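Visitor: These are the residues of each chain, in order.
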Amino acid sequence: MGRVIYIIYFLCLIGAGFYMNALSIEDKKVVRIGVLSQNEERLEKLEGLKDELSSLNYEEGKDVVYEVMTSPNNYTEMDLLAEKLIAKRFDVLVASGAGETRSLVKIVEKLNNPPPIIFMGTLSPIAIGLVENEVFPETNVTGLNNYHYELTTKRLDLLKRLIPNVKNVAVLGDSSTSFYQGSQVSLRYTAQELNINLMMYDISKEDDISTIVNEISKSSQAILIMPGSLLETYTESIASYALTKGLPVFGVYPSDVNKGCIASYGTSYYSQGAQSAHIVHKIMIGYPPKTIPVETSEKLSFTVNLEVARNLGISLNESYVSFADEVVGQGGPE
Amino acid sequence: MKTGMMPWKQRIKVRVLVFGILMSIIPILFISLTTFNTVNYKFKETIREQNLQRATVIASELQDSITNITESLTNLTHVNAIALIENNNSDKEQILNIVLRKESYLEDIKIIDKNLKSLVQVSRREVITDDILNKKNVIDPKTLYKDYTVSMFFSL
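Chains A and B supply the protein sequences, listed in that same order.
Position 49 (the first sequence) corresponds to 49 in our numbering; numbering is contiguous.
Going from the second sequence to our numbering is simple: count from 1 and add 334.
Treat the hints with care, as some may be off.
Claimed, not checked - Example chain A residues on the side facing chain B (calculated, C-beta under 8 Å, incomplete):
id: 1; residue: Asp63
id: 2; residue: Glu150
id: 3; residue: Lys154
id: 4; residue: Asn197
id: 5; residue: Lys299
id: 6; residue: Phe323
Hints in this document: simulated from the structure, not taken from any laboratory.
Note that the coordinates shown come from a computational prediction; the quantities given were computed from them, not determined experimentally.
Don't be surprised by glycine CBs; every beta carbon is placed ideally from N, CA and C.
Take the sequences, apply the hints, and build the full model.
Guide: Written out as structure tokens, the structure reads:
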């Protein structure tokens, strides 16, 4: 009888041990984050996300693990990657832009218990149908609005103010992006207000760049690049080819001036990722995504490259150069 | 009557046992319930206090931030009063743009006259041309204090 009691006692102890162990494992749960990116450039957003989560005490490998899937500008493959990513049942899904978010949303719509999806910067999420309300998203999708849709007209305005003599501007866009058609109306209205003749060009592959820039050089004095995954990848090629034709290019991201653009206005990939980290952190500590408002980019940077201006022989409006958050290179005559 | 013949409910041993169990369970239940309620109350109270402290810190940071922005705008009007009234619009815009660059939380800055007519405006996201400014140059008084508005009056 005594032996039986001892056995039961030891079994209880072992059971309690396993239970405590399970509890401690539960406490140290590693959060798995699946990241979908349409191009290599946007992976800088992931760097910002990782660094900021690290500053919030999430150690990579110990507290959080990332799995990244990219498909450089292949929209068909993006849907397949999104499906693969969702099948892996990550705790949080992070999309690096609008296209990626749409691919993920398309698939999770069919699920009963969809995982949270955080977008690390997309243009107006209401305009492209990601959320109906930015303050109360009421879906499993939330993230950061980088205002690229609204800022397109502001870039045209800044281009005109920076180079007041410019009359004819070519706008390079990618007609496969979700906001291309919508932005045409506002761009044309602003161009009219600014007394600019606008020419729209659609780029769908890299081979078109030289042909289109050649055509632009015959009629326009500057190029404005619209935001979009494809054009982000081609910015350097466009800017360097335009430079040979004597055309200044106005970019989107601060890093675009290092790729040969004369100026840019927007939020950097890195800071978009870093800001999104706080939304991911809220998900990790238990807030449902439907209660987390869509945030607005904290920092818009106006960046000017004086070296490009000097190489092109363009004198920039000093009043607006002083407005720049960052000035790259040395100005003055060559 | 033999003990073995008595119904088990009537046995003194059973009654003592049941009495003992009840007298130990009831106070324990009572004490547990009271402790649980107290802990629950204290826990909620602590969370409430922590949230209140956080909210107070955030409110104070917001207040500081707004005060800094207000002071910055006040200084702007003091230092550049003449330029903001007499210079051309381009010079005025340049001054306002510098403030807009420094104060990253400001979306727009405008100079309005006593009739609420916008004289100059610079914006972080919107395109403001002279024509646009002339088309919507008078502010509706109802919307004036809808957003955070700082009024600064300066005269020469």
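Visitor: Taking 8 Å as the limit, does the beta-carbon of aspartate 63(A) come near enough to a beta-carbon in chain B?
Guide: violated (23 Å)
Visitor: For the restraint on phenylalanine 323(A), tell me whether the closest CB of chain B is nearer than 8 Å.
Guide: holds (4 Å)
Visitor: Does the nearest C-beta of chain B fall within a distance shorter than 8 Å of the C-beta of lysine 154(A)?
Guide: holds (6 Å)
Visitor: Would the hint on asparagine 197(A) stand, with a C-beta cut-off of 8 Å toward chain B?
Guide: violated (16 Å)
Visitor: Have a go at the lysine 299(A) hint: is there a Cβ in chain B nearer than 8 Å to its own Cβ?
Guide: holds (6 Å)
Visitor: For the hint on glutamate 150(A), does the least C-beta distance to chain B fall short of 8 Å?
Guide: holds (6 Å)
Of the numbered hints given earlier, the model fails hints 1 and 4; all others are met.
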